[in-house]
Structure formats: structure tokens, C-alpha cells
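Student: Below, each chain spelled out in residue letters.
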Amino acid sequence: MSQLSTTPKPRRNVELALLLLALAVGIGANMLVGVDQEKAFDSDFWFQSGLLAVAALVFHGVLRFRAKYADPVILPLVVALNGVGLAMIHRLDPPGDDTGNNQLRWTLIAMAVAIAVIWFLKDHRILRRFTFISLAASALLLVLPLIPGISAGEILGARVWIRLGPMTFQPGEVAKITLAIFFAGYLSSNRDLILLAGRKIGPLQFPRFKDMGPMITAWLVSIGVLIFQRDLGSSVLFFGLFIVMIYVATSRISWVVIGLALILGGGFAASRVFSHVELRIDGWLNAFTEEVYGRAPGGSHQIVQGLFGMANGGLVGTGLGQGRPDLVPFANSDMIIASLGEELGLIGLFAIVLMYLLLFTRGFRAALGTRDAFGKLLACGLSFAVALQCFVVIGGVTRLIPLTGLTTPFLAAGGSSLLANWIIVGLLLMISHTARGPVDTTPLPAAKGAESTGIDTPTEAVKHL
Amino acid sequence: MNQAIRHSWVAAIAMFALIFGAISYVQVVGAEELENNPWNQRAILQDYCNDRGAIVVAGTPVAESVESGSETCAFQRTYPQPELYAGITGYFSQNYGATGLEQAMREQLAGNADQLFLDRVGQLFLGNQPKGASVELTIDPEIQRLAYDLIPDGQRGSIVVTNPRTGAILAMVSKPSYNPNLVATQNPSEESANINELVKVPGINLNPNVSGPTGELLAPGSVFKLVDIAAALASGKYNKDSELPNPAEMPFPGIQYKLPNYAGGNCYTRDTADFAFALQQSCNTPFASIALDLGRDAIAEQAKKFGFAEDMGDQLKLGYARGNGFPDDLDEPGLAQSAIGQRDVRATPLQVAMMTAAIANDGVQMRPNLIKTLRSPDLRVIDEPQPEQLRTSTTPEIANQITQWMTSAVSEGIANRAAVPGVDVAGKTGTAELGNGANNSWFTGFAPANNPQVGVTIVMEGVDINTGAQLTSPNAKRIFEAVLNK
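If you read the sequences in order, they're chains F and A. So in my numbering, spot 262 of the first sequence is number 309, and the numbers just go up one at a time. So in my numbering, spot 338 of the second sequence is number 349, and the numbers just go up one at a time.
The following block holds chain F by itself, in its conformation from the complex:
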């Protein structure tokens, strides 16, 4: 890498231009949906489009004030994804159904929360003080859906929802963030200890057993989620998040080996013991056999219909509003990728996946750029979590891997997922702000957690966009 040093540039005007483009994509898609359903330009349409545009521009304004060096590509990418998701959900709404408006409402709430995070938190390093509070919060969030009275019970075979008045909420989505904060805090404080002690076996240096505590914790959390909540997707996501963070903290491939061994062992045992895992795998391998296709719960009807939809879309898609994504169960949530694949085609779906790719790449960029180990770990963990979640969902829909019930970030209908992912965006923007901004040598205000371990020596110059 070259040791180029450039003056930090905010690039907020670039962001504004990209943001307008992103809004054009989302609102344009919604317009096409309207044209197809012959209700194009009524006041509702303008009101909703206006709300989305105002919210996006307010977000942009907040960044100008509070995080002016933040990565200029992240916000437009997310607004575009969210807009396309809104259009597709709106398109799939049967008459009288209001999932589209509900999704818009949640988008606005989620953006407001993300703005609040940026506004009040000011610096992501403050989160490090909440390392163990985050662990407690994660535990609470994961246990909530199991507590009678709060739990919304078993929905579609999984117990991951809680009831908040008239709404349901998936606390596991938020737990993904609190877990990342805990891992980042714990690992950035203890990485020296974990790094130095250990036994070398062949080319791999294995950690001491007592240093494996956090890994065992993560494994227990994942297996617990799998067993008690019956949520295979979240279980994989949490564990993947942890493996990446401990790998980044230690640079030891041995952790990855242990982690993968644990997850494969746990997964294999689970598939033997728990019928829901076995059914998922059976529905994946034997999707096209009559018996599995017709099985009432846990059959492959959903995934096979999704594949039919995507095949129908082909290279260029049927066009928004022209296909039959409504034939696929959960077309606007779990299977929204299949709906988009059908109507936007391979080209449109590639564009969407590329947006995710750019999004997590910018997140990794922030991880590389920021100077504190905590920030690096957090940005890397969250970015990888987004990538892994996309992989699990899209891989499931395309029958690359077994289908699990994870949501597609920013696209799928569902408030909790939107909220959690927008908070992740807020955190990534904040970290990228410190990564791209001028080197900040002033200690944190009332810096209880800014001991020497907190700041990593810069290993190389930071490249700016």
C-alpha cells in the first residue's frame, strides 16, 4: 500500500447527488408499480414519496452536522435498497392490505432512530463502555420471545417474536447489534491475552481452554437460539459474526477452524435431534420430490415456487407489476428476493446484490480506516453480519443452501429488521466518519474506556474516496 496522505474531504455533495439518484430509483420503482395498477399519481403516492425523500434529506443534513466525513456512498445505497423494497411490498399488497404503508412507517421510525444514534452518541468509541451491558441486553433480548405473556408464541415454527401492544417485534434482530458491541468491547480489551497464551499444534496456534470462554458463550447462544427459538438462520448469523470478530481480533486462523468445527458439529447434532432442522435440510436436498413438495409444514413448496418465479423472470424480468410473485408464499418478506428476481430479472437482482456488496465493502473500508481496535472490530463485525445475512437469505432462496427464516436487510417487510439494520447503518456511518476524518488525538470526554489498548497504532495511511 502506498503511504499517500491526503487531506480529508467530507464528500457530502457527492452523497447528496447519489442520494437523489437513490430516491429516483425507489420512487421511480413505486411509480411503475402504480402505473401497472392504474392508480399512479394520486395524492397518496406523492405524500409517501415526499415523506421518504424528506427523511432521506434530513438524514443527509444530520450527517453534514454530526458526521461530515462519513462515507458518502452508504446512505444512498441503503435508501435505494429501502426504496426498492417499499415499491415491491406496495406492489404485492392485495387490495385493502396496507403492508406497504406499514413498511414506510417503520422506515421513517428506523431512520429517526439511526439519526438519534448519530446525533446523541457522537462517537462510536463510547459504546465500548457498554460492553457488558450489551451482553446483558443481548441475553435479555434473546430470552424475551420465550417468556410467556410477552412472547407472541410460535409463528411459522419459530419463537422469535414478542408482542408490544398491537405490534410484534423480533428482538433477535437488535441482539445482533448488541452482541457485536459486546464482542468488539471484550475482544479489543483482551486480545493481547488471547494472542499471547496458547499451544502450537502444527502450523496452527490453538488458544488456551480458558480463553475460549467467549467462543463457548457464542456457541451456547447460537445453539440456544436454535433449540429454543427454532431459528436456524439467526443461530448461523450470530456464530458467524463471532467467528469473524475473533479472527479479526487475533488474526489466528485456528479460531476459525475451531469455530467451524463447533458449528458443523452443533449443526449436525441439531439436524439429528431436532426435526425442524432436519426438515429444512430435507426440503433443500429433495425439494423437487413429490413427497417433500407436498409436505404441509416444512415442505419445499415455498422455495420451489420462488425458483419458478425467478426462472420466469429470466435475464430481464417480467417488469414491475407484470409477473406473478404473488404465487410464492411470503413474497414480500422471506421470499422478496424471488419476487424481485421475477420482475426485475437477473440484471435487476444483480444490481441489488451489487448494492449489498458495495454496502458491506464500505463498511469494511471503515473498519480498515478507523484507528481504534474497538471500531475496527465493530465495523468489521457489522459489515460481515450484513454480508452473511444476505448470503443466508439469497442462498436459501436460490437453493444454494437450506432456506432459513432470516430477513433480507432493508428489503423485506418487517419493522424490527428495518430498525436494526438502520441502526447498523448509523453505526457504520459514525465509524467511517472517524476513519475518513482528520486524526483525532483528543481523548474521549470523561474517557473511562480510552486506555492505551483502545487506540491501535495506524498501520498504514487511510485512502479516501
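These are calculated hints, taken from the structure and not from any lab test. Errors might be hidden in some of the hints.
[Claimed, not checked] Quick list of simulated restraints, FRET-style, between CB atoms:
#1 F:ARG152 <-> A:ALA85: 35 to 41 Å
#2 F:GLY312 <-> A:GLY446: 53 to 59 Å
#3 A:GLY80 <-> F:SER90: 35 to 41 Å
#4 F:LEU332 <-> A:GLU254: 55 to 61 Å
#5 F:LEU67 <-> A:SER203: 47 to 53 Å
#6 A:GLY446 <-> F:ILE274: 33 to 39 Å
#7 A:VAL77 <-> F:PHE321: 52 to 58 Å
#8 F:ILE274 <-> A:ILE266: 56 to 62 Å
[What the hints assert, rightly or not] Computed, partial: chain F to chain A, Cβ under 7 Å:
#9 SER298
#10 GLY361
#11 VAL363
#12 GLY366
#13 PHE438
Note that CB positions come from ideal geometry on N, CA and C, so glycine has one too.
Since the structure of chain F is provided, determine the placement of chain A on it from the hints.
Tutor: Showing chain A alone in chain F's frame:
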């Protein structure tokens, strides 16, 4: 640490590379297979309410779209002679997919086929509703009706009438049949209730994979002996004058079982038989000894050449019923039994008809064809399938030799009830024993023997010997007469 972050990024990129690959596979590479999956209703739903083209027999539609009067679904598919043509047209259902020609010619009937591209563009500019092409069949309606009526109600059976020279199918019927209108109704609950009733009838299979009852796999019995003869003559070990052993029973070393000769004819009168006698009387042991002499592979190879278990190239795509051909791993009794069309040998009525057609046509098998013309909505002819050679089954000399012996089987042998006065008829009967006195009774043959114009294959399932004899050869005679007197 930064190195590890880069590695994590590479891992994420690798996952995304897999995603790109998976999407490409589903939407492009494997898309056609998914679109043709019988569970995929999308293509059908797209055309379901459109004005699809008619399937026409001699100017009369046997499947057509008529205005339904409904606002949400403007056209209703109807079948004016439902039972008579169900095995050919199939049905077109919103929930159960399409079968028969409705499925095989779906693109053309909907107007989506390549040949209709210009019409499609025109419709686009004029803003007209899409209209499909119409398909005119090679079926002769009188022969179709006659053949259908020759199978008594309540009897399971099939009749295939072809032109051996061209491969054109003149009639193709089977019973029990069903009314495709019941399945094509626009009312989904009515539709599923009707289907639940229909599938209770034994012999009716509405599975979208199964198009046309003439695709059913049945034990061919003695008609399979034609394969043995062709294999024997082709091997060079036998000629037309060869004497074959003809014991009343064929023993096998070490086991009790003995393969008996056919009891119905005059087999018992001779200890050895030439081909002519063995075929006339349909003796079993001579053919079993040929098979044991030539070995399994020679018989299997000849069966393949006659199209058994091969792609038949027909428009109904009866490939699902290709079966396994001549079985593998046979012991001696197994080989002997298989050689006379028993045991695990299976063939469809259409396959047997094609074997006979190849013998009639100097050893060349023509592609079976149901489509006479394909016409655009303005009645322009856009396609007219020409006779097409499918494969060479045997040499002209062997074909003509077998024809001679088949002719004597009708003139002097046990197929004599198929004889038509003044015309040389070539024919072969078959009786495959199913146990408990029930048989599949077959006739396959063609006429005139020296200038074949019509091939007839009849099978009646689960009949006793006498009923079988009455329903096969005499019915073949009536069809020969009806076609030749036209």
C-alpha cells in the same frame, strides 16, 4: 488486524460470488427446466384466459377457446368431443397444469412460438388481444370414432392406427377416457372436486407427467417375438429356412420351472419348427431357444433399434413411458421368458405400433406425427411437418421376410380373424399372461402387406383368452376395411 479485516472481506466477497452464481443458474442456465416443471403454473396462468388456438380434426375443433362472459377471465377452454379426444388433447387447467397436446403445443396454441413472432409484433402495435395458432391433426375422425367404439365401455384398452410410410397417426384412442371440460373449468373448487372424482376411476391418470393413455407401459407378450426374429436373422446364425427346436416344454437345469409352448394353436404337432410355423402358431420354445442362443445383448440391441425404451420423438412427448427396455441381469429362465414378452418386458401401445410400422416400411421407422398443419390466427399455414425418418430398425430384406411370415400368420395361422378378403394382411397376435386367467391381448399388423397403407395395433387389458381373441383380430379387420375402403 487490517490484514484479517481484508481476509474477512475476501470471505464475504466469496459468499457473494456464490450468490451471483446461484442467481445465474436459477434465472438463466436452469430456467428452462424450471419453466417446464409440471408444478409451475406460471406459463399456464399467463395464457389461461386468452383466446388460445384451436386443435382441429378435419375442420372441426376438438379443443377451442370460447368467450366465457366473465370479466376477469375472458375465454374458457372447451372440448366439444371430450372423451373421444381426451388422450390426444389432454386438458388445460389453472391448478393442475396442462397435458397432452395442450401442453406439448402450448407455446404455439398461445401464440408465443417463434414462428408466430411477426403476428405477435402486429398484435402489439394494433393493441389486439393475443391469439394463438391453431393445430390441425392427422387424425381421421371416422377412424378415431370407429376405434373408440370398438373398445367396449368398461373395458381397458387402446388402439393406435398409423400410416407406416409417413408416421402419421390416424387414430389413437383408449378407455377409460374422461371429460377434460371437468378439469378445465374456471371455478377452482369445482375443478378440484371433479378431479377428485375422476381419479377414483381405475385407469384414469391425470398426472401432468402422463400425457395420453396410449403411453401406458404393458407386457407385450408374443408380439415381442417379432424382435427375436429380427435379431435372429440379423445375427447371420439363422436364415429363413432354419429349423428351430420346438419342444412342448423347455426345461432349465437345476430348477423345477419349465417354459411351456403356447397351447392355443398347433405347436404340439411338431418337434422342430421353421420361422414361418413358429410365428403362425406363436410357439414359445423356438423363440426362447433363439434368445438363449444369441444372448441377452443381441435381443436388447434389436429391441432398442425398434424404439423400445427410446425417445419416440412424438409430439405428445410420451417419453415418460419409455420404460427400461429389455431387462438386464437375466438368468436363463428369465431370458427365455423375456424373449416372449413376459416377465419384466414392457412396451406402450405406441411403441408396438412403431415396431410394426418399421417392419411395414422396409425396416425404417418414421417419426410418429399428430400434426398436419399449424396455422396462424389468419389461417396462414406456418408449419407443416414432413415425414421424417427416426431410425433404421432392420434391413429391408429382413423386414420383407418378417412381413411374409406375418402375412402367413394371418392367412394360415392364429391371426386369421384379421384377414380382409382380397387384401394381404400382415399381423401378429400376442397374449401376455397376468395371472388368474387374465391377459393383455394384442394384435399388431398392417395392410396391404406388399404396399402398406395402414398399421393397426390393438391391446385389450385384463381379458380372458376368448374375449381377447374377439376384441383384437376381428376389430383390426374392421379398421383395415374402414381405412382401405376410403
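Student: Confirm or reject each hint.
Tutor: Outcome of the hint check:
1. F:ARG152 <-> A:ALA85: 35 to 41 Å: Because 39 Å falls inside the window, the suggested range holds.
2. F:GLY312 <-> A:GLY446: 53 to 59 Å: Roughly 54 Å apart at Cβ, these two residues keep to the hinted range, so it holds.
3. A:GLY80 <-> F:SER90: 35 to 41 Å: With Cβ atoms ~37 Å apart, the hint holds.
4. F:LEU332 <-> A:GLU254: 55 to 61 Å: Between LEU332 of chain F and GLU254 of chain A, where Cβ atoms are some 59 Å apart, the hint holds.
5. F:LEU67 <-> A:SER203: 47 to 53 Å: Since LEU67 of chain F and SER203 of chain A have Cβ atoms about 52 Å apart, the given range 47 to 53 Å holds.
6. A:GLY446 <-> F:ILE274: 33 to 39 Å: 54 Å, violated
7. A:VAL77 <-> F:PHE321: 52 to 58 Å: 54 Å, holds
8. F:ILE274 <-> A:ILE266: 56 to 62 Å: At roughly 59 Å between Cβ atoms, ILE266 of chain A and ILE274 of chain F fall inside 56 to 62 Å, so the hint holds.
9. SER298: 4 Å, holds
10. GLY361: 6 Å, holds
11. VAL363: 10 Å, violated
12. GLY366: 13 Å, violated
13. PHE438: Where the cut-off is 7 Å and the nearest Cβ of chain A is about 4 Å from PHE438 of chain F, the hint holds.
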